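So the protein sequences, as listed, match chains A and B.
The opening residue of the first sequence carries number 6 in this note's numbering; numbering runs sequentially from there.
The opening residue of the second sequence carries number 245 in this note's numbering; numbering runs sequentially from there.
One or more hints might be untrue.
[What the hints assert, rightly or not] The calculated label-pair distances, taken between Cβ atoms and stated as ranges, are: (1) B:R248 <-> A:L76: 39 to 45 Å; (2) B:A256 <-> A:G91: 51 to 57 Å; (3) A:G91 <-> B:M479: 43 to 49 Å; (4) B:E371 <-> A:F24: 53 to 59 Å; (5) B:R426 <-> A:T89: 41 to 47 Å; (6) A:T94 <-> B:R342: 33 to 39 Å; (7) B:F269 <-> A:L76: 45 to 51 Å; (8) B:W338 <-> A:A265: 15 to 21 Å; (9) A:Q241 <-> B:M479: 30 to 36 Å; (10) A:R192 <-> B:L466: 28 to 34 Å; (11) B:R337 <-> A:L72: 35 to 41 Å; (12) B:W372 <-> A:F64: 36 to 42 Å; (13) B:Q404 <-> A:R169: 44 to 50 Å; (14) A:F64 <-> B:A256: 26 to 32 Å.
The hints are simulated quantities; they were obtained by calculation from the structure and are not laboratory data.
Here the structure is a predicted model, which is why all the values come from computation and not from measurement.
Note that beta-carbon positions come from the ideal geometry of N, C-alpha and C, so glycine has one too.
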Amino acid sequence: MSSRWLGAWPAIPALLLLFVFFLYPVVRMLGFSIEGGTLDWYTKALGESLYLQVFWNTFEIAFWVTLICLLLGYPLGFLLATTTPGWATVGFIFVLLPLWTSVLVRTYAWMVLLGRNGVFNRMMLEAGLISDPVPMLNNFSGVLIGMVHVLLPYMVLPIYGAVRRVDPALVSAAEGLGASNSRIFRRVYLPLTLPGIFAGSVIVFVLSLGFFITPALLGGGRVVMLAVMIEQQIHQTLNWPFAAALSAVLLVFTLAVYAAAQRFTRSADA
Amino acid sequence: MSRRALVVACTAIYIFLMLPLLVVFPISLSSAAYMQFPPPGFSWQWYERYLDDPQWIDATVRSLYVAVATAILALALGVPLAFSLVRGKFPGRWLVDRIALAPLIVPTIIVSVAVYGLFAKLKLIGEWYGLVIAHTVLALPFVVLVMSAGLRDFDRALEQAAEGLGASRARTLLKITLPLLRPSLVSAGLLAFISSFDELVVALFLAGPNMTLPKKMFDNILMEIDPTIAAVSVMQILLVSVVLILIGRFGRGLSNSAR
């Protein structure tokens with residue numbers, strides 16, 4: 006073996022698997038969308054208001070999920086990075102335990118909590134705060150709550166990493182010069198942790214775009230996201246070319262967000 | 245924001261994170277036939293119902309051996325791949341890196357539909373090893389990420405010392421390199437196991453009539469919510485806790501590899 010290919014051969018078995026059972030099937034499936042040499046399925050996906058609404062829903066939900074995750078994830082990541090090692094370990098356990106608990110279990114638990122006869126509604130009814138159950142399930146807010154719960158750890162981890170990398174000497178210097186807490190946050194932490202905020206937001210946004218389980222169960226058929234519609238095209242209407250066209254659009258969106266993020270990160274580094 | 249306000253805010257966020265995990269415990273021990281909170285009385289009936297139902301047991305056993313096979317296959321393929329990516333020098337290595345992590349980026353629904361199309365043609369729907377192959381594709385990025393992090397921190401002087409003392413390359417690999425990488429191997433294997441054991445979307449398409457545990461749970465949630473699901477959820481949460489403890493005890497820290 007020539008030295009040009011030093012250490013390449015151990016990659017071959019894994020690459021074979023990825024080519025045969027990942028790249029090839031995806032390309033093959035995307036090919037269905039242009040079968041017969043027409044772009045009709047794309048015109049349908051991007052032209053009819055019913056489907057445009059689904060695209061819009063997907064983006065809207067992804068946007069709100071990302072924003073809420075950021076608002077909740079920043080304080081949490083910040084606390085974990087600035088507390089004592091002992092507390093940080095405890096804190097991490099309670100971020101990682103939900104992360105690795107099945108999405109299905111967590112979604113079911115939210116149905117128990119948010120349902121018409123769920124825990125929250127019963128407690129509020131008994132306390133006399135409300136006279137009728139508040140609908141929290143099978144609507145926008147239910148999907149939002151469930152998705153934020155699943156995706157929050159993906160925001161916390163990069164922000165934690167970014168806060169950890171902030172040089173404590175800078176913070177001491179700012180304190181020594183008499184800066185207030187809020188000023189230290191705005192002038193030192195916030196600018197220096199922007200890469201972490203950005204990385205976390207990109208991950209959460211992209212994962213939201215392709216989300217299936219939570220909208221399928223907590224949306225109750227009323228909040229339809231792109232992944233749910235793709236599944237319906239296969240299992241209910243057996244419309245492969247259309248499912249393929251929708252998948253292609255979802256894939257393009259996903260890769261475009263990643264590519265844009267990478268460009269942005271690189272130009273920020275330069 | 246003062247420190248105290250930050251702690252109060254984070255406590256609230258932790259309650260939000262843990263509430264869904266905690267609520268299933270009382271419900272799984274409820275004596276009521278449908279969801280009632282707080283539970284009117286105590287009973288083990290939902291656990292008994294799970295244990296007495298061959299469908300649930302069947303699905304659990306299938307999920308377990310699919311997850312074990314996935315972890316083995318993902319390690320067998322992913323560890324050499326990580327070696328190549330970290331230590332190899334060859335043209336197109338960046339491309340291999342991209343391909344290895346791609347299953348993490350491409351939405352699972354797309355992978356599922358695509359593999360479903362291929363497997364339907366190959367008559368692999370409902371076969372447990374078909375599921376293992378698809379789950380291995382999804383688990384590979386985890387193995388590659390954890391192993392690459394472990395390999396980058398590895399002190400190669402130890403290998404050079406072994407070879408300098410006359411050990412063959414195979415002997416160095418088996419006696420020095422792999423034992424020193426054991427924490428990373430443990431983490432990677434357990435992550436691959438859990439990722440397969442919890443996986444629903446691929447199973448929804450590929451499992452056919454043969455249920456996996458997540459698929460059985462999904463169908464039950466859609467049809468009727470009875471507290472059997474809560475009992476299954478409690479067992480799932482306990483399993484994940486055990487796995488996390490094992491990773492913490494014998495593996496490489498998760499937060500290290502996440503960075």
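Structure-based check of all given hints:
Checked against the hint of 39 to 45 Å, the pair R248 of chain B and L76 of chain A fails, with Cβ atoms roughly 19 Å apart. Range check, A256 of chain B to G91 of chain A: Cβ separation about 21 Å, and the 51 to 57 Å hint is violated. Against the hinted window of 43 to 49 Å, the Cβ-Cβ separation of G91 of chain A and M479 of chain B comes to about 30 Å, which falls outside the hint. Taking the beta carbon of each, E371 of chain B and F24 of chain A are about 21 Å apart, not inside 53 to 59 Å as hinted.
About 29 Å separates the C-beta atoms of R426 of chain B and T89 of chain A, a value inconsistent with the hinted range of 41 to 47 Å. Under the hint 33 to 39 Å, the C-beta atoms of T94 of chain A and R342 of chain B, about 34 Å apart, fit the expected range. Evaluation of the 45 to 51 Å hint for F269 of chain B and L76 of chain A yields a failure: the beta carbon distance comes to about 29 Å. For the pair W338 of chain B and A265 of chain A, the beta carbons lie near 19 Å from each other, so the given range of 15 to 21 Å is met.
Restraint check, Q241 of chain A to M479 of chain B: a C-beta distance of roughly 32 Å satisfies the suggested window 30 to 36 Å. Between R192 of chain A and L466 of chain B the C-beta distance comes to about 51 Å, which lies outside the given range of 28 to 34 Å. One distance hint, 35 to 41 Å for the beta-carbon pair R337 of chain B and L72 of chain A, holds here, with the actual separation near 37 Å. The supplied range of 36 to 42 Å is met by W372 of chain B and F64 of chain A, whose beta-carbon atoms lie about 38 Å from each other.
Checking the proposed 44 to 50 Å range against Q404 of chain B and R169 of chain A shows it is violated: the Cβ atoms sit about 32 Å from each other. At about 28 Å, the CB distance of F64 of chain A to A256 of chain B agrees with the hint of 26 to 32 Å.
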